[in-house]
Amino acid sequence: MTRWVMIADLRRCVGCQTCTAACKHTNATPPEVQWRRVLDMEVGEYPEVKRVFVPVGCMHCADPPCMHVCPSTATRQRADGIVTIDYDLCIGCAYCAVACPYQARYKTDKAEFAYGEPMESEKKQFDPKRLGVATKCTFCSDRIDAGLAKGLKPGVDPEASPACVNSCIAQALHFGDIEDKASNVSQLLAENQFFRMHEELGTDPGFYYLWDKK
Amino acid sequence: MSGFGPKPWIQQHWDWRAAANFVFGGAGSGLILAAALALPLGPARAVSLPLGLALVALGLTCVWLEIGRPLRALHVLLNARTSWMTREAFAGIALFGVTVAAFFRPGDWMEIALGFFALLFAWCQAMILRASKGIPAWREPKVIPFILATALGEGAALAIVLALAYNMPSPLAYGLFALAVLARAAAWMVYVASVAPKLGGAPQAALVAVTPVLLWIGTFAALALVALAAALPRHFAMLLALGAAAAAIGAGWHAKRTIVTRASLNQGFALPNLPTRGAR
Ligand code: SF4
Ligand code: SF4
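Protein chains in written order, with my numbering: chain A, 7 to 220; chain B, 3 to 282.
Simulated from the structure, these hints should not be mistaken for laboratory data.
Remember, it's a predicted structure, so these values are computed and weren't measured experimentally.
Note that CB positions come from ideal geometry on N, CA and C, so glycine has one too.
Be careful, since some hints might not be right.
If you want the ones that stay clear, here's a sample from chain A, every Cβ over 12 Å from chain B, calculated [to be verified]:
no.: 1; residue: Thr32
no.: 2; residue: Pro70
no.: 3; residue: Thr90
no.: 4; residue: Asp115
no.: 5; residue: Thr144
no.: 6; residue: Ser192
Simulated pairs of lysine-lysine, DSS-like, Cα-Cα distance not exceeding 30 Å [what the hints assert, rightly or not]:
no.: 7; chain 1: A; residue 1: Lys130; chain 2: A; residue 2: Lys116
no.: 8; chain 1: A; residue 1: Lys30; chain 2: A; residue 2: Lys116
no.: 9; chain 1: A; residue 1: Lys219; chain 2: A; residue 2: Lys159
no.: 10; chain 1: A; residue 1: Lys220; chain 2: A; residue 2: Lys56
no.: 11; chain 1: A; residue 1: Lys159; chain 2: A; residue 2: Lys56
no.: 12; chain 1: A; residue 1: Lys135; chain 2: A; residue 2: Lys116
no.: 13; chain 1: B; residue 1: Lys9; chain 2: A; residue 2: Lys30
no.: 14; chain 1: B; residue 1: Lys9; chain 2: A; residue 2: Lys116
no.: 15; chain 1: A; residue 1: Lys220; chain 2: A; residue 2: Lys187
no.: 16; chain 1: B; residue 1: Lys200; chain 2: A; residue 2: Lys56
no.: 17; chain 1: B; residue 1: Lys9; chain 2: A; residue 2: Lys56
no.: 18; chain 1: A; residue 1: Lys56; chain 2: A; residue 2: Lys30
no.: 19; chain 1: A; residue 1: Lys30; chain 2: A; residue 2: Lys129
no.: 20; chain 1: A; residue 1: Lys219; chain 2: A; residue 2: Lys187
no.: 21; chain 1: B; residue 1: Lys9; chain 2: A; residue 2: Lys219
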């Protein structure tokens with residue numbers, strides 16, 4: 007079995023948001039929609055203040071509340087753990103958006119473009135199917151599938167890896183199969199201390215944060 | 003919500019239209035339930051059934067106005083296996099069928115079926131909130147008794163008014179109303195005590211501010227008015243019952259609207275550990 011997961015090394019992320027830009031470029035998300043966001047968090051009180059940059063987005067939970075609540079079965083889970091949305095089934099009720107504890111889902115009712123009128127690139131990538139329905143990070147499943155079909159290894163071969171991971175200037179983002187004990191992500195998790203967000207909610211998220219070595 | 007993280011914010015996905023479904027759907031299913039439990043056969047009961055259905059339909063219409071793809075609304079029926087929204091839709095359909103049947107062919111079994119499906123509809127609404135894991139004020143299990151009790155209280159209030167309007171005062175409806183609004187007050191206190199401190203700020207204040215309205219207006223004033231109505235001649239009674247119903251229903255609606263649109267902070271983000279910096 008395969009379960010694709012992502013890792014963000016919080017020690018490495020510098021908050022440059024290149025991943026956010028790469029995701030927007032690849033997936034043509036409209037303004038205000040960021041499937042890959044980077045939070046800029048200030049923690050503590052002066053003079054003991056720390057700043058942390060935290061990449062977030064859909065965690066592709068193993069037990070996804072968004073899927074359980076979805077009345078149309080638009081939200082589903084693939085055998086490799088990726089949580090998907092069928093834009094043809096979705097009714098845009100946004101129940102998934104309030105069920106998701108990671109604020110990962112968006113709904114855009116009208117076509118919107120960065121500068122009002124669509125630019126050439128926006129025209130090319132515009133997909134009316136995405137209006138009035140839920141959207142979120144796909145883990146670039148189309149890139150993964152196309153890469154696998156060519157015999158490439160997601161997380162290792164850029165052509166088969168999510169755009170955000172490829173773009174990261176600090177190699178803070180990693181992607182791979184957690185079920186494969188020899189994979190890049192399994193190695194990183196074996197060597198480092200990590201946590202997952204809101205684990206107490208029982209969603210079993212597929213997004214790991216490294217914060218220290220072991 | 004422990005650890006470090008930017009503050010949660012009020013969810014922006016469900017607005018007054020979603021709240022209206024809980025408001026009208028609760029009152030409508032509550033009225034049908036109250037009619038099944040407390041109204042004898044006759045014109046008051048005959049009016050209460052279509053009125054209850056109309057309220058349920060109004061609530062569902064409000065949701066329909068909110069969804070992004072209204073023409074695909076029937077897809078809502080596709081996930082009865084796990085989605086309480088699908089189950090609410092099926093419960094609504096069943097409630098419509100049974101209510102129409104009970105309207106034309108009343109009988110003991112019909113009353114049981116009416117009560118069952120009205121309760122089921124209200125239960126589904128409560129579970130829709132409960133299953134929303136991203137919103138701490140909704141996923142709290144203690145929201146369930148409140149949603150059920152307020153539905154019954156609002157429905158019983160309407161049943162009293164209808165019974166009086168048709169000159170068929172129903173002692174059972176009075177009793178049901180008193181029981182329901184007292185249970186609602188208790189359920190609210192338990193819910194708020196459990197949820198409000200976890201929210202903090204304006205959402206906590208919004209929930210806490212509902213308490214006096216729900217207790218003094220929606221419970222005690224409404225009970226006093228209903229007690230007077232039970233004792234006075236019909237024309238006075240009607241006015242008092244209308245006042246009681248407005249108080250009880252208004253307070254319930256205010257509480258539901260607050261839960262859905264003003265206390266609905268999302269989960270936010272939190273880090274249980276901060277990254278180490280530099281050499282260790
Ligand atoms: S992060 Fe949210 S949208 Fe993604 S799978 Fe989990 S619950 Fe669903
Ligand atoms: S918005 Fe679409 S994907 Fe989300 S719960 Fe509704 S039907 Fe399902």
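Okay, the hints, checked on the actual structure:
1. The non-interface label for Thr32 (chain A) is consistent with chain B: the shortest C-beta to C-beta separation is roughly 23 Å, beyond 12 Å.
2. Non-interface call for Pro70 (chain A) relative to chain B: violated, since the shortest CB-CB distance, roughly 10 Å, does not exceed 12 Å.
3. Residue placement check: Thr90 (chain A) keeps its beta carbon more than 12 Å from all beta carbons of chain B (closest about 15 Å).
4. A cut-off of 12 Å between C-beta atoms contradicts the statement that Asp115 (chain A) is not in contact with chain B; the least separation is 6 Å.
5. Every CB of chain B is more than 12 Å from the CB of Thr144 (chain A) (nearest about 19 Å), matching its label as outside the interface.
6. For Ser192 (chain A), the shortest C-beta to C-beta distance to chain B comes to about 20 Å, beyond the 12 Å cut-off, and the non-interface label holds.
7. Taking the CA atoms of Lys130 (chain A) and Lys116 (chain A), the gap is about 17 Å. The hint holds against a cut of 30 Å.
8. About 17 Å separates the Cα atoms of Lys30 (chain A) and Lys116 (chain A), which keeps this hinted pair within 30 Å; it holds.
9. With a C-alpha separation of about 26 Å, the suggested pair Lys219 (chain A) and Lys159 (chain A) falls inside the 30 Å cut-off, and the hint holds.
10. Between Lys220 (chain A) and Lys56 (chain A) the alpha-carbon distance is near 22 Å, which keeps this suggested pair within the 30 Å criterion.
11. Straight-line distance between C-alpha atoms of Lys159 (chain A) and Lys56 (chain A) comes to about 37 Å, which puts the hinted pair past the 30 Å bound.
12. Distance restraint check for Lys135 (chain A) and Lys116 (chain A): the Cα-Cα separation of roughly 11 Å lies within the 30 Å cut-off, and the hinted pair is therefore satisfied.
13. For the proposed pair Lys9 (chain B) and Lys30 (chain A), the alpha carbon gap of about 25 Å is at most 30 Å, so the pair holds.
14. Note on Lys9 (chain B) and Lys116 (chain A): the hinted pairing holds, with a Cα-Cα distance of about 28 Å set against a maximum of 30 Å.
15. The straight-line distance between the Cα atoms of Lys220 (chain A) and Lys187 (chain A) is roughly 18 Å, inside the 30 Å bound, and the hint therefore holds.
16. With a C-alpha separation of about 25 Å, the suggested pair Lys200 (chain B) and Lys56 (chain A) falls inside the 30 Å cut-off, and the hint holds.
17. In summary, the hint linking Lys9 (chain B) to Lys56 (chain A) is supported, as the alpha carbons are separated by about 16 Å, within the 30 Å threshold.
18. Taken as a hint, the Lys56 (chain A) and Lys30 (chain A) pair is honoured in the structure, with Cα atoms around 28 Å apart against an allowance of 30 Å.
19. The suggested pairing of Lys30 (chain A) with Lys129 (chain A) holds, with an alpha-carbon distance near 14 Å, which does not exceed 30 Å.
20. Between Lys219 (chain A) and Lys187 (chain A), the direct Cα distance comes to roughly 18 Å. Compliance with the 30 Å bound is thereby established for this hinted pair.
21. Proximity of Lys9 (chain B) to Lys219 (chain A) is assessed by CA-CA distance (about 28 Å); at most 30 Å being required, the pair is judged to hold.
Of the numbered hints stated above, those contradicted by the structure are hints 2, 4 and 11, listed in ascending order.
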